[in-house]
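Chains S and B, in that order, are what the protein sequence lines are. Numbering-wise (full-length UniProt numbering), the first sequence opens with residue 1 and increments by one. Numbering-wise (full-length UniProt numbering), the second sequence opens with residue 1 and increments by one.
Don't read these hints as lab results, they were simulated from the structure. Some hints could be false.
Which residues of chain S face chain B? A partial, calculated answer using Cβ under 7 Å [said to hold, decoys possible]: (1) G60; (2) S112; (3) K113.
When the alpha-carbon atoms are kept at most 30 Å apart in a straight line, the in silico DSS-like pairs for lysine-lysine are as follows [claimed, not checked]: (4) S:K24 to B:K336; (5) B:K222 to S:K55; (6) S:K35 to S:K55; (7) B:K252 to S:K24; (8) S:K30 to B:K349; (9) B:K222 to B:K99; (10) S:K30 to B:K252; (11) S:K30 to B:K422; (12) S:K62 to B:K92.
Just so you know, even glycine gets a beta-carbon here, dropped at the ideal spot from N, CA and C.
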Amino acid sequence: MSSETPESDIQGDYEAEKQDSQEKNASTMKVEEAKLKAKYPGLGQKPGGSDLLMKRLTRGQKYFDSGDYNMAKAKMKNKQLPTAGPVKNLVTGDHIPTPQDLPQRKSSLVTSKLVG
Amino acid sequence: TSDGAAGPGPGADMQWCFSQVKGAIDDDVAEADIISTVEFNHTGELLATGDKGGRVVIFQQEIENKNLPQFRSEYNVYSTFQSHEPEFDYLKSLEIEEKINKIRWLPQKNAAQFLLSTNDKTIKLWKISERDKRPEGYNLKEEDGRYKDPNSITALRVPVLIPMDLMVEASPRRVFSNAHTYHINSISVNSDNETYLSADDLRINLWNLEITDRSFNIVDIKPTNMEELTEVITAAEFHPLHCNTLVYSSSKGTIRLCDMRESALCDKHSKLFEEPEDPSNRSFFSEIISSISDVKFSHNGRYMMTRDYLSVKVWDLNMENRPVETYQVHEYLRSKLCSLYENDCIFDKFECCWNGNDSVVMTGSYNNFFRMFERSQRRDVTLEASRENSKPLQVLKPRKVCAGGKRKKDEISVDSLDFNKKILHTAWHPQENIIAVATTNNLYIFQDKVN
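Looking at chain S on its own, in the form it has when it is part of the complex (with noise of 0.2 Å):
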């Protein structure tokens, strides 16, 4: 007759340690998920989400807002213009961007620091 543990028991306690490691980790995440609620009420419902994709599958979208815009042309109409502040990429209503605001688009003509 062997002596070793039959497979079978050392199954089971793969099983009830992975179950046991499996709840402990659930209730960490949910003492989490509870902080980012408690900070976020408005947080989605859906785990992860859907809007999370489509801001993976939209980035480097760039919108060009006419109501913007022209909301911008009105008012800078007898005022002189404003020089950008610390946020180049949000224009919101009061600012018209400029070339010299946009980020620069050249690509990098310096040779890696790599090549030290």
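Chain S is already provided as a structure; the job is to place chain B on it using the hints.
Structure of chain B alone, referenced to chain S:
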């Protein structure tokens, strides 16, 4: 099984030493200098890096320095070039970054080396060739290139090739563009050496390396109604030996294996690898942290490894219902998920890699830590890539993170970890125990201690 004779031995007693570091020392990192991919070629002689500025730098392993036998090898700059430029798609009002997402080497066929590099939209095949001779003694041209007056020539001579200083030239041989609506995350060269795949968030295309104006769509998971979108493709790779087999991973933590012999469009998978989860354990974060950021076949083609936010899993290709091994990379982060979601770190895409004989797996973490897991002996180690440990041949001291409670001396507490210092890209020499580890803007090369 460990092949003691061929290739590197098991990593349990292995000690790692600092070998080299490339890049600027100053803390002020320009965006362009952020390293975005690291890849050894098939012999390990060449090591390529890509960065956010669209540049590729290739290092070459120099032969052993016979005077200093403890330095097995040094990697020095071989070639550097601008692979991709930023673009603006006016039709779609889409800004296209020049960042190099992936580099994959082709196996060497002749004197020149070839690699594929890709940004979000365009893949390019680059030829890197050496020139160490130049012709001299033309009949119709002066040495400086000016053309001679033919009437002044009285005798003919045969031009000769004379040696010159080695010049390494990189030239784009093929440009594969306009095949991806979404952002390319992976490229993989097929073992048939004729084709390769490129994968974006929703589709995978098959290309012939010679043909740039046509590609075949082999996987399409785009739903007819985008409102029904539930998952995206995160990585894809061809099997190293079977040219008909490929795998792709998803943001939901599943891996699908497809056989191209079954049908032209591989929307129906041959195998679906997924670890079941108790629905009552689900939380807001479950799906996000289960998203697979990298998938890599083992060199022997029997296993594949996946990396999700907190762990590395090794799967036996013959068993779909659960991984055969699971390694916790930084489990202590589970109680920090709320803040990691707020600072976007939860979306960081870590890669993983196998050593040459598939006995050890490696992946990066935060605070410039990286982790190695030795499979057969179940031993793991945490090491750090930092300038403080960069004296020549300095042995790296294992690091330990204290999850809670009393912090021992030399341990670092979770709250002291620097989440801006992330190691996303690592690579292991295919034959030797030499590893390349990329911090944000520096490339570290470590080798095992030669006794």
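For each hint, the structure was consulted:
no. : hint            : verdict
1   : G60             : 5 Å, holds
2   : S112            : 5 Å, holds
3   : K113            : 4 Å, holds
4   : S:K24 to B:K336 : 15 Å, holds
5   : B:K222 to S:K55 : 15 Å, holds
6   : S:K35 to S:K55  : 23 Å, holds
7   : B:K252 to S:K24 : 21 Å, holds
8   : S:K30 to B:K349 : 23 Å, holds
9   : B:K222 to B:K99 : 25 Å, holds
10  : S:K30 to B:K252 : 19 Å, holds
11  : S:K30 to B:K422 : 26 Å, holds
12  : S:K62 to B:K92  : 9 Å, holds
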